[in-house]
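S.K.: Sequence:
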Amino acid sequence: MSLGQHLIELRKRLMIAAAALVVGMVVAFFITDGVIDVLTEPIRTVAADRGTDLVALNFDTVTSAFDMRMRIAFAIGLLLSAPVWMWQIWAFIMPGLTRKETRYTVGFVAAAVPLFFGGCVVGVVIMPHIIELMATFVPDQGAQLFTAVTYYDFVFKLLIVIGVAFVLPVFLVALNLAGVMSGKAILKGWRVAVLVATIFAALATPAADVVSMLLLAGILVVLFFAAAGLSLLFDRRRRRRENAFLPPEAAA
1 MSLGQHLIEL
11 RKRLMIAAAA
21 LVVGMVVAFF
31 ITDGVIDVLT
41 EPIRTVAADR
51 GTDLVALNFD
61 TVTSAFDMRM
71 RIAFAIGLLL
81 SAPVWMWQIW
91 AFIMPGLTRK
101 ETRYTVGFVA
111 AAVPLFFGGC
121 VVGVVIMPHI
131 IELMATFVPD
141 QGAQLFTAVT
151 YYDFVFKLLI
161 VIGVAFVLPV
171 FLVALNLAGV
181 MSGKAILKGW
191 RVAVLVATIF
201 AALATPAADV
211 VSMLLLAGIL
221 VVLFFAAAGL
231 SLLFDRRRRR
241 RENAFLPPEA
251 AA
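Just so we're aligned, residue 1 is where the sequence shown starts under the UniProt record's numbering, counting upward by one.
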């Protein structure tokens, strides 16, 4: 295909992906009430614990309520339309990949997607504890009014950060398959990995919430060792293939 044909094909794929996103946002807009109810449950818990109405979600502009719903609809619409736009991306780049590259790409996506969503689920579990603990620092004379957009950004960024952290082991395996890092080199850095996982978990969770911190750190450490184990396995298979093409005296 010529450059012009590639651009026409890209435009077609982008239009289909954009249409799927719009449809997903329209569907998601009707379920934003349920999502907002889940996201604001920690606020209601804090208000009940403090026995006051001065803990609430605050919409400080005329359009802030609509803006929050649109942000939520976009995030959910992106997820609902993911099969369509991911397929469009894959269909555009697949003709330029070799069979081996295609197999690796499918494997990476198949591993990264559930890990990302698993991280988001862990984030949803941890998020209420963070909000409830931080609310304990508000003095009794103070009112805690959560600005809607700021509150949503905090929750959304927390879920994204933890989700991406769960996907990082997949990139370690990718570096191993690309020949950048060996399995032994990855495993050798286990002390650094444990330290980084612990620090990340401590930053992502409140200092007093030890259970959430240990849960998050433990999952990240397990994922790291799983990536190191897979890399060692791939290294062994690679050495076997290389030895199979060597003369017997060279292989010995």
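Think of the hints as simulated: they come from the structure by calculation, not from any bench. Quick caveat: nothing in here was measured; it's all calculated off a predicted structure. Warning: the hint list may mix true and false statements.
[Claimed, not checked] Listed next, with one range per pair, are the computed distances between beta-carbon atoms: (1) Leu195 x Leu175: 14 to 24 Å; (2) Asp33 x Leu203: 43 to 53 Å; (3) Phe108 x Val222: 39 to 49 Å; (4) Arg240 x Ala18: 44 to 54 Å.
Beta carbons: idealized from backbone N, C-alpha and C, even for Gly.
S.K.: Of the hints stated earlier, which fail here?
M.R.: Per hint list: 2 and 3 violated.
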